[in-house]
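Chains as they are written, first to last, in the working numbering: chain A, 1 to 219; chain B, 1 to 219.
A few of these clues could be false.
Identical copies carry no separate label here, and so any pair may be met within one copy or between two of them.
As the list claims (entries may be wrong) - Pairs of lysine-lysine, PhoX-like flavour, derived with a Cα cap of 25 Å:
#1 K8 / K211
#2 K129 / K102
#3 K102 / K124
#4 K60 / K22
#5 K27 / K60
#6 K136 / K124
#7 K57 / K30
#8 K22 / K42
#9 K62 / K42
Hints listed in this document are in silico derivations from the structure and should not be mistaken for laboratory results.
Okay, here's what each chain looks like letter by letter:
2 protein chains.
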Amino acid sequence: MRNHSVSKQTIRRLPTYLSFLKDVQKKNIKNISAVTIAEAMKLNEVQVRKDLASVSKGGKPKIGYVIDSLITELENFLGYDTTDYAVLVGAGNLGSALTGYKGFDEFGLEIIAAFDNCEDVVGKEIRGKPVYPISKLPEVCREHDIKIGIITVPGAAAQEVCDELINAGIKAIWNFASVHLSVPEGVLVQNENMAYSLAALSLHLAEQMQKIEEEKKEK
Amino acid sequence: MRNHSVSKQTIRRLPTYLSFLKDVQKKNIKNISAVTIAEAMKLNEVQVRKDLASVSKGGKPKIGYVIDSLITELENFLGYDTTDYAVLVGAGNLGSALTGYKGFDEFGLEIIAAFDNCEDVVGKEIRGKPVYPISKLPEVCREHDIKIGIITVPGAAAQEVCDELINAGIKAIWNFASVHLSVPEGVLVQNENMAYSLAALSLHLAEQMQKIEEEKKEK
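All chains, full assembly: derive it from the sequences and hints.
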């Protein structure tokens, strides 16, 4: 049984612990202390113990955590050890890239099909995954008992697609459209705001360039 | 000149306004009021006026905002109207998908080359973008005056790659490795934690399924 009372901040750090521990495991190291993890990951030791306590019974005195077990416990908590199946709506550039992306395996996600209304893509395949018309959404979701929907349509169409996904039984939405989605209670929307990330990078660069210009003028 | 004193929260919302306004523009509507924007985007009207005041001189009484101008102002502020060039390190599944992704144009980002140390990919191309050995990083970055680096290597290699990018003159890093990166002052790290998103979706589903089970038992 997974413990759901863990804070968002802790959940945010857990994939980082997992990634770090997998790297250590490759070096054939069997045990690790909270102190070593804290130093390597530049975190506070108390924090590390607290975070890991939410997924593991904890390390043993003088031995520390057993790395293999801790990895299993983390993967189990994060749901990476079991596969969640998903559908994706919007087989444009981003949607096709995500549908064809092989890296989701590791995180326990498999996109079984993409949906679109554009004649150019419907009926085709993206790396072996079928692209269906959006009208087939309820049928496919119900048949395969799909609970995760990924939205990669343009902003204007996102709410309508979201409503259709919910009607088809979807309980968790991964939203790549940069719009706010309204959903009923019990449905989670996880927003992936890549547009914001790109704006933040660009703004930082502009700021840095401005500083350099100002420093030049001062000299 | 871009105004850099705008809050992160506002910057997070700006791409959403832009996306919404582009949809409205397609319907051949010329002007829009803050009230209409607020209602459509489910935001507070005061918030909308405040957010848009950071990029625009504002709407006119009875006319509202001129949509074309507001779009230009938003794109200008977010840096989407000028192209920032970037390099990517780690041409695995995710790195290849991002390098070949055509959708970054719209956000003013172009990845000019990918770097990797794996013999299987070095020397090849991803949708016309060259893949170089990591040793060529300083040369390529300096030659093209690249300031943005994208990290898609495994966690264990991320800090080393980050250091090499900074040595090559990079000022902004888009980090897809789920590890903490240490950087000197003046360098921005923008973390893209997809592992967290996937964990959040999976945890929510597990929680929902548990609730349904409990409700069944109660009946």
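- Task: Find the hints from earlier in the document that the structure breaks and name them by number, from lowest to highest.
- Result: Every hint satisfied by this model.
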